[in-house]
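Take these sequences, add in the hints, and give me the full structure.
Chain order of the listed sequences is P and G.
The numbering of the first sequence is my numbering, which starts it at 1 and goes up by one.
The numbering of the second sequence is my numbering, which starts it at 1 and goes up by one.
Watch out, some of these pointers could steer you wrong.
[To be verified] Mimicking DSSO-like on lysine-lysine, the simulated pairs with C-alpha atoms at most 30 Å apart in a straight line are:
hint, chain 1, residue 1, chain 2, residue 2
1, G, K279, P, K357
2, G, K356, P, K19
3, P, K360, G, K79
4, P, K208, G, K61
5, P, K419, G, K262
6, G, K89, G, K117
7, G, K208, G, K89
8, P, K61, P, K279
9, P, K262, P, K356
10, G, K157, G, K50
11, P, K262, G, K262
12, G, K23, G, K119
13, G, K262, P, K228
14, G, K356, P, K164
[To be verified] Selected chain G positions facing chain P (in silico; Cβ < 8 Å):
hint, residue
15, H2
16, V35
17, L194
18, S197
19, K203
20, N207
21, I211
22, A215
23, A326
24, N331
25, V364
It should be emphasised that the hints constitute simulated quantities derived from the structure, not laboratory data.
The beta carbon of each residue, even a glycine, is placed where N, CA and C say it ideally should be.
The primary structure of each chain is shown beneath.
Protein chains: 2
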Amino acid sequence: MHFELTRDFLDNLIEVIEKKDEKKAAEVMAEMRAVDIAEIYDSLNLDQAKYLFLLIEDREKAADVIAELDDNDRSRFLKVLPDEVIASKFIDHMDSDDAADVIADLPDERQGEVIQKIKDIEQAGDIVDLMSYDEDTAGGLMGKEIITVHINDDVEKAISEIRKQVDEVDDIYYVYVVDNDYILRGTVSLTKLLLASKGSEIKDIYNKDVIYVRADMKAEDVANLSDKYDLVALPVVDELGRLLGRITFDDLVDVMREEAEKDYQMMSGISEDVEHSDKIWRLTRARLPWLLVGLIGEIIGSKVLAGYEIQLATHAALAFFLPLIAAMGGNAGVQSASIVVQGLANGSINMESTFKKIFKEFSVAFINGVICAVILFGYNFFFSDSFALTLTVSVALFSVIIFASLFGTFVPLALHKLKIDPAIATGPFITTSNDIFGLLIYMTIGGILFTLI
Amino acid sequence: MHFELTRDFLDNLIEVIEKKDEKKAAEVMAEMRAVDIAEIYDSLNLDQAKYLFLLIEDREKAADVIAELDDNDRSRFLKVLPDEVIASKFIDHMDSDDAADVIADLPDERQGEVIQKIKDIEQAGDIVDLMSYDEDTAGGLMGKEIITVHINDDVEKAISEIRKQVDEVDDIYYVYVVDNDYILRGTVSLTKLLLASKGSEIKDIYNKDVIYVRADMKAEDVANLSDKYDLVALPVVDELGRLLGRITFDDLVDVMREEAEKDYQMMSGISEDVEHSDKIWRLTRARLPWLLVGLIGEIIGSKVLAGYEIQLATHAALAFFLPLIAAMGGNAGVQSASIVVQGLANGSINMESTFKKIFKEFSVAFINGVICAVILFGYNFFFSDSFALTLTVSVALFSVIIFASLFGTFVPLALHKLKIDPAIATGPFITTSNDIFGLLIYMTIGGILFTLI
Numbered sequence: 001m002h003f004e005l006t007r008d009f010l011d012n013l014i015e016v017i018e019k020k021d022e023k024k025a026a027e028v029m030a031e032m033r034a035v036d037i038a039e040i041y042d043s044l045n046l047d048q049a050k051y052l053f054l055l056i057e058d059r060e061k062a063a064d065v066i067a068e069l070d071d072n073d074r075s076r077f078l079k080v081l082p083d084e085v086i087a088s089k090f091i092d093h094m095d096s097d098d099a100a101d102v103i104a105d106l107p108d109e110r111q112g113e114v115i116q117k118i119k120d121i122e123q124a125g126d127i128v129d130l131m132s133y134d135e136d137t138a139g140g141l142m143g144k145e146i147i148t149v150h151i152n153d154d155v156e157k158a159i160s161e162i163r164k165q166v167d168e169v170d171d172i173y174y175v176y177v178v179d180n181d182y183i184l185r186g187t188v189s190l191t192k193l194l195l196a197s198k199g200s201e202i203k204d205i206y207n208k209d210v211i212y213v214r215a216d217m218k219a220e221d222v223a224n225l226s227d228k229y230d231l232v233a234l235p236v237v238d239e240l241g242r243l244l245g246r247i248t249f250d251d252l253v254d255v256m257r258e259e260a261e262k263d264y265q266m267m268s269g270i271s272e273d274v275e276h277s278d279k280i281w282r283l284t285r286a287r288l289p290w291l292l293v294g295l296i297g298e299i300i301g302s303k304v305l306a307g308y309e310i311q312l313a314t315h316a317a318l319a320f321f322l323p324l325i326a327a328m329g330g331n332a333g334v335q336s337a338s339i340v341v342q343g344l345a346n347g348s349i350n351m352e353s354t355f356k357k358i359f360k361e362f363s364v365a366f367i368n369g370v371i372c373a374v375i376l377f378g379y380n381f382f383f384s385d386s387f388a389l390t391l392t393v394s395v396a397l398f399s400v401i402i403f404a405s406l407f408g409t410f411v412p413l414a415l416h417k418l419k420i421d422p423a424i425a426t427g428p429f430i431t432t433s434n435d436i437f438g439l440l441i442y443m444t445i446g447g448i449l450f451t452l453i
Numbered sequence: 001m002h003f004e005l006t007r008d009f010l011d012n013l014i015e016v017i018e019k020k021d022e023k024k025a026a027e028v029m030a031e032m033r034a035v036d037i038a039e040i041y042d043s044l045n046l047d048q049a050k051y052l053f054l055l056i057e058d059r060e061k062a063a064d065v066i067a068e069l070d071d072n073d074r075s076r077f078l079k080v081l082p083d084e085v086i087a088s089k090f091i092d093h094m095d096s097d098d099a100a101d102v103i104a105d106l107p108d109e110r111q112g113e114v115i116q117k118i119k120d121i122e123q124a125g126d127i128v129d130l131m132s133y134d135e136d137t138a139g140g141l142m143g144k145e146i147i148t149v150h151i152n153d154d155v156e157k158a159i160s161e162i163r164k165q166v167d168e169v170d171d172i173y174y175v176y177v178v179d180n181d182y183i184l185r186g187t188v189s190l191t192k193l194l195l196a197s198k199g200s201e202i203k204d205i206y207n208k209d210v211i212y213v214r215a216d217m218k219a220e221d222v223a224n225l226s227d228k229y230d231l232v233a234l235p236v237v238d239e240l241g242r243l244l245g246r247i248t249f250d251d252l253v254d255v256m257r258e259e260a261e262k263d264y265q266m267m268s269g270i271s272e273d274v275e276h277s278d279k280i281w282r283l284t285r286a287r288l289p290w291l292l293v294g295l296i297g298e299i300i301g302s303k304v305l306a307g308y309e310i311q312l313a314t315h316a317a318l319a320f321f322l323p324l325i326a327a328m329g330g331n332a333g334v335q336s337a338s339i340v341v342q343g344l345a346n347g348s349i350n351m352e353s354t355f356k357k358i359f360k361e362f363s364v365a366f367i368n369g370v371i372c373a374v375i376l377f378g379y380n381f382f383f384s385d386s387f388a389l390t391l392t393v394s395v396a397l398f399s400v401i402i403f404a405s406l407f408g409t410f411v412p413l414a415l416h417k418l419k420i421d422p423a424i425a426t427g428p429f430i431t432t433s434n435d436i437f438g439l440l441i442y443m444t445i446g447g448i449l450f451t452l453i
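Shown next, in the form of structure tokens:
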């Protein structure tokens, strides 16, 4: 079954650490899975974590623990370890992609030192290769651990090739078929090999229709591709089609989750990847920036309203609906922006022309704007004494919903064109701009209608 | 390589359909992958889609196309097909989990009819079994296609068992090891089997440490578990530990993505799963409900302000900062709520007591509130003539940030306790409540300070 972290378990473990009961602590580490050990890091101090982690006897597991820690925790942990320990106890036993990530996270001056202390020369070479790729590309996600067979092998030869290579690969999802130039020609599954009759040739049983990616493909696009085709592993090739490595589904799931979280956080006005369990200072730092952006924007909004002081003093009832106009503009704008942002993220938005997108958005906003404006008109018609106010508020609400919806559609599309993350359009910056424009629209309409009626 | 849907491709395809060029159309269908065929559905009308889909010769592919369509598209498509065609052309060739989903989507009166027309009795039995599980549980996600070997088999016997079963399983990720009572004892990988020496016994090479789930486990929890342990497939067992089926990573990725999208949409104030490519009417229907909730809330807000008419008429400058107070309360509240909602979704929030959570949130809000209030005080101190206003606005901003943050933390925790989706707390309902309370706080503080100063 799986492990559940409880307060009791933690208290017992900390007691074991404090008593320096090495035997017991090593036993607990031997029983736990790597990812569960990584999970308890947050609840320990650095000395306790160091004591425990160095007691992990299985080297592969120790390496996995380090790979599973989040970037901040890992940096703090590796800072207190000498280069030799990092290289021999951890890096030497990691998959090449995890190893490259860990080394990339070290301070620049330590990276070379640690790499030089790696005993497995092939591993060191793979790491140096992998570090040359941008981390947001297929190359940055791939690992070098792949199993290949030659297209001219027969099944027996292929199986003996696999035997030779299997040590370094944890999970063989596909066996890749290559030719003399190491160009990827296809895949063959273990099932096929296991069930093939003696003497069959790889070229007769392999699958030619393989989906692969180039090393420079964007990580997000790779994740969308693997999600669409339900791929458990994706081979990565260079410009010539030569096989470089493979990306496994777990790393792509991480990319998807991070993208989704980034968009979610942007909409919440949070600027860093934080969790409720983080320290107060980190939570504050993640939240203050967008609050300040909102504050400055709204100060400008107050300045705009100050320009209408006389009007507001004469018709105080105009003020009653200021929050309504601002809020409804914000709501409509965020709806539009978030639909566009999701469409851009999953690539579903490309089939329509920009004009058609804007027209569609206008239609939706028109219907919703009319319905909301009519309801508000009805309410004020019965409960307000001033027909000028009744008309102003309804016309302004309609106009603001239209404006905010179009603005909310246009801004993420424009940001995307400019190669800026369109998710910004769902955050406080745009909501605040929407507020300001909304107030301007409202007060202008008010100015006209109160003069006319 | 992979397929990219272009306008040109579509125009050509539609021309082929209109010319009734069956040979060419069948050729195109033979070349395309199932998921790509499903993707073009949106760009065709029902007759065109029917014409094309019935020309798919490979039955497995035809079944996959149906499985890949989204629920709405599928219902519309199946409505125009007779029961026999659905059963024999599609259901008979689907994985049991997809088949059960498709049948569950049919109108109640058709379900029995279609099931009776399935020729493969085992498949029909599996579907009936699977339909008894709630779709939001492990049972609702699992498929019956698994490969099992007996714990007392030797490797040769095991391989011949696998040969017998392999036909019905697309991707063998693990071979499950069971005993006489069909109780799950562990797994053995194909690699191990392929590389095992002749005469080895399963019981000496299988992996006992397997992570499994009970059929009644919630889908979201299953997805979190597989994400945490990077599992490509998860076996599902009953109360006695007997193996029922397996869930593959692609279905769990879908669960994760749907959960993330639901939370995102809730925060955007969208009530249905829509995409920008959907019809105007659907987009409108998904967006209107929360706009109306916001509208009604803000009408109440305007009513609250109407209670302060004299105050607003006397000190018109108070109105300048109404949108600021409302917006900042909204921003702070959404930040808090979204962090709690994410923590609840990924289970990372459980280690702290509710008191500690609230205290932490208070600390963060206190720091951010002080910083924002001081900045606003400084601005007004230099640019406003009224010290009463300067003080009112700053004190109110501080109070509103504290209130909204605590409210934003408390509401999702309470909803979670009440077994209501906590994501509602990030939507317009709570933002609007926050607005109303914020305005009350602001006007009350204004009332006190303008009298005193």
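Now for the hints, and whether the structure bears them out:
1. Taking the CA atoms of K279(G) and K357(P), the gap is near 11 Å; set against the 30 Å cutoff, the hint holds.
2. A hinted pair counts as satisfied when its Cα atoms are at most 30 Å apart, and K356(G) with K19(P) qualifies at roughly 28 Å.
3. With a CA separation close to 28 Å, the supplied pair K360(P) and K79(G) stays within the 30 Å bound.
4. A C-alpha spacing of about 17 Å is found between K208(P) and K61(G), which places the hinted pair at or below 30 Å, so the restraint holds.
5. Using a Cα cut-off of 30 Å, the hinted pair K419(P) and K262(G) holds, with the two alpha carbons roughly 27 Å apart.
6. Note on K89(G) and K117(G): the hinted pairing holds, with a Cα-Cα distance of about 11 Å set against a maximum of 30 Å.
7. Using a Cα cut-off of 30 Å, the hinted pair K208(G) and K89(G) is violated, with the two alpha carbons roughly 40 Å apart.
8. Our distance criterion of 30 Å between C-alpha atoms is met by K61(P) and K279(P), whose separation comes to about 28 Å.
9. Between K262(P) and K356(P) the alpha-carbon distance is near 28 Å, which keeps this suggested pair within the 30 Å criterion.
10. For the hint linking K157(G) to K50(G), the alpha-carbon distance of about 46 Å lies beyond 30 Å, and the restraint is violated.
11. Between K262(P) and K262(G) the CA atoms are separated by roughly 15 Å; this keeps the pair inside 30 Å, and the hint holds.
12. A hinted pair counts as satisfied when its Cα atoms are at most 30 Å apart, and K23(G) with K119(G) qualifies at roughly 29 Å.
13. A threshold of 30 Å between alpha carbons decides the hint, and for K262(G) with K228(P) the separation of about 19 Å falls inside it, so the pair holds.
14. A hinted pair counts as satisfied when its Cα atoms are at most 30 Å apart, and K356(G) with K164(P) does not qualify at roughly 55 Å.
15. A hinted interface residue such as H2(G) counts as satisfied when its beta carbon comes closer than 8 Å to some beta carbon of chain P; here the least separation is about 5 Å, so the hint holds.
16. About 6 Å separates the beta-carbon of V35(G) from the nearest beta-carbon of chain P, less than 8 Å, and the hint is met.
17. Checking L194(G) against chain P by beta carbon gives a least distance of about 6 Å; that is within 8 Å, so the hint holds.
18. Given hint, S197(G) at the interface with chain P, is violated; its Cβ is 11 Å from that chain's nearest Cβ, farther than 8 Å.
19. Using the Cβ-Cβ criterion of 8 Å, the hint placing K203(G) at the interface with chain P is not satisfied: the shortest such distance is roughly 20 Å.
20. Because the smallest distance between the Cβ of N207(G) and any Cβ of chain P comes to about 12 Å, over 8 Å, the interface hint for this residue is violated.
21. The beta carbon of I211(G) is positioned within 8 Å of a beta carbon in chain P (closest approach about 5 Å), and the interface hint is therefore held.
22. Residue-level restraint check for A215(G) is violated (minimum Cβ-Cβ distance to chain P is 15 Å; threshold 8 Å).
23. Interface hint at A326(G): satisfied, since its Cβ lies 4 Å from the closest Cβ of chain P, which is below the 8 Å cut-off.
24. Given the 8 Å rule on beta carbons, the hint for N331(G) holds: about 5 Å separates it from the nearest Cβ of chain P.
25. With a least beta-carbon distance of about 5 Å to chain P, the hint placing V364(G) at the interface is held under the 8 Å criterion.
Against the hints set out earlier in the document, violations occur for numbers 7, 10, 14, 18, 19, 20 and 22.
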